[in-house]
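Please model the complete structure; the sequences and the hints are all you need to start from.
Protein chains in written order, with the numbering used here: chain F, 1 to 94; chain U, 1 to 118; chain H, 1 to 233.
Be aware that a few hints might be false.
With beta-carbon atoms standing in for the labels, derived distance ranges [claimed, not checked]: (1) D59(U) - V18(F): 47 to 57 Å; (2) D29(F) - L198(H): 29 to 39 Å; (3) I34(F) - L102(H): 19 to 29 Å; (4) P191(H) - R53(U): 29 to 39 Å; (5) L144(H) - A64(U): 16 to 26 Å; (6) D231(H) - K112(U): 18 to 28 Å; (7) Q25(F) - G66(H): 36 to 46 Å; (8) D197(H) - H51(U): 29 to 39 Å.
Note that these hints are calculated values from the structure, not bench results. Small disclaimer: the values here were computed from a predicted structure and weren't measured. Note that CB positions come from ideal geometry on N, CA and C, so glycine has one too.
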Amino acid sequence: MSTLLTAMTVVLCIAILVAAIVSIQVKGDKSMSIAILAAGLVSLLASVLFLILAAPDVAMTEAAIGGGLTTFLFFFVLARMRNGEREYEEANHD
Amino acid sequence: MTYIALATGFLLILIGFYGALTNRNLLRMIVAFTIANSGINVVIIAIGYMHGRTAPILDATVSAADALTRVIDPVPQVLVLTAIVIGVGVAALMLVFAYKLYERKGTLDISKFAELKW
Amino acid sequence: MIKRFLALSLLVGIGAIFVALMMSYEPDASLNLTARYYAENTASETGSANIVTAILVTYRGLDTLGEVTVLFLASSIIGLVLSLGNKQNTTLRKLVPVGELLTTGKSYLAPIIMLLGVYVFVNGHLTPGGGFQGGAIIASGMLLLLLSDPLKHFSHALISLVESLSGFVYVSLGVLGIVLAGSFLDNRILPLGDFGDLISAGAIPLIYSLIGLKVGAEFSSMLANLSEMEDLQ
Chain F
1 MSTLLTAMTV
11 VLCIAILVAA
21 IVSIQVKGDK
31 SMSIAILAAG
41 LVSLLASVLF
51 LILAAPDVAM
61 TEAAIGGGLT
71 TFLFFFVLAR
81 MRNGEREYEE
91 ANHD
Chain U
1 MTYIALATGF
11 LLILIGFYGA
21 LTNRNLLRMI
31 VAFTIANSGI
41 NVVIIAIGYM
51 HGRTAPILDA
61 TVSAADALTR
71 VIDPVPQVLV
81 LTAIVIGVGV
91 AALMLVFAYK
101 LYERKGTLDI
111 SKFAELKW
Chain H
1 MIKRFLALSL
11 LVGIGAIFVA
21 LMMSYEPDAS
31 LNLTARYYAE
41 NTASETGSAN
51 IVTAILVTYR
61 GLDTLGEVTV
71 LFLASSIIGL
81 VLSLGNKQNT
91 TLRKLVPVGE
101 LLTTGKSYLA
111 PIIMLLGVYV
121 FVNGHLTPGG
131 GFQGGAIIAS
141 GMLLLLLSDP
151 LKHFSHALIS
161 LVESLSGFVY
171 VSLGVLGIVL
181 AGSFLDNRIL
191 PLGDFGDLIS
201 AGAIPLIYSL
211 IGLKVGAEFS
221 SMLANLSEME
231 DLQ
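Written as structure tokens, this is what we have:
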């Protein structure tokens, strides 16, 4: 039981780190939307990690606020900027 | 388990800082900051975790009498609960300032905002 | 290139500190002094089954008041910053048509989501959850309404009325605690009741419901303000 739980935790942590790296490093078309969604995924998977670490209160808060509201705040702002999405490519070759 | 979660949290903080330092786009920097924020929360919760104990909620299985040996430290959880709610307020503020900067300059590239640079 | 090198070397330094912290970390075998006090005395002193809720609402209630104030300041600064500047642009945005599924679903789902939010913060002293989670769930219901009808204007007067009324009653309950029970935000101004009942733990369910309403109103006003921003080209 305990080894199974540990193995699941390792898989979960790897998924969190991969989502975080995707969110930082993704390039190309629609990269901004993918980055925001990956950051929401980091929050959502972190809430599962909080549940494993025996913190159900924190897990609920992170899922409702970090995974839900923050992602939509980003999308509300992104939708108002027509060029915000495209700009990444030109800005990042130095 | 504690060490796995601690390592994940520390790595998330480093990834977030790396993204905030190397990206030039303001929105991408804010996304990176929220990732670092999640990492700090994971670290604090992992420090409060104790192996083999349950959540600090008393019910039929964990009575008030044996709470001392059955529950984990509730204080880090309260701290993180507060930090998450403050974190979304800070993220929303940063987003609104980025929107205002875009309104003025028509760009999100941080290197175009050179008024205070010296 | 040199900037990237500087950033990487800074991160290596921070990473070295983190590795040193992790090497020297030893998990506690038993609860420390503060946590021991909370674990032993929460049930008898506050009557709350959820120790996290008891600390958040009673023992550290003043911090929670400060936190709610920070959130209120953030949402009002957002409203202030967005209302500054030019307001001449009132052209209608081109909207993507909303799907049939969303418009039909929202009329059934939004009330249920808000009911779940109320359930979460009313039961905050018994089960995981409470004012902050419940408030966020209520704001998610508002978000669903906003997504199904992007031109909808929420009544800002109603939101700010709910927000300021619940904040006022919250602080009044705290002051009542000084008068009747001896300390600010003391929950023993009402009888503690039977441990584990819905109506128990003194004023904790009442205070946490007020926090839930206040947080829900603050998040809703944040969302409404952000969704009413003008398009920039």
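Against the structure, the hints come out as follows:
no., hint, result
1, D59(U) - V18(F): 47 to 57 Å, "violated (36 Å)"
2, D29(F) - L198(H): 29 to 39 Å, "violated (53 Å)"
3, I34(F) - L102(H): 19 to 29 Å, "holds (23 Å)"
4, P191(H) - R53(U): 29 to 39 Å, "holds (32 Å)"
5, L144(H) - A64(U): 16 to 26 Å, "violated (40 Å)"
6, D231(H) - K112(U): 18 to 28 Å, "holds (21 Å)"
7, Q25(F) - G66(H): 36 to 46 Å, "holds (37 Å)"
8, D197(H) - H51(U): 29 to 39 Å, "holds (33 Å)"
In this structure, the hints that do not hold are numbers 1, 2, 5, in rising order.
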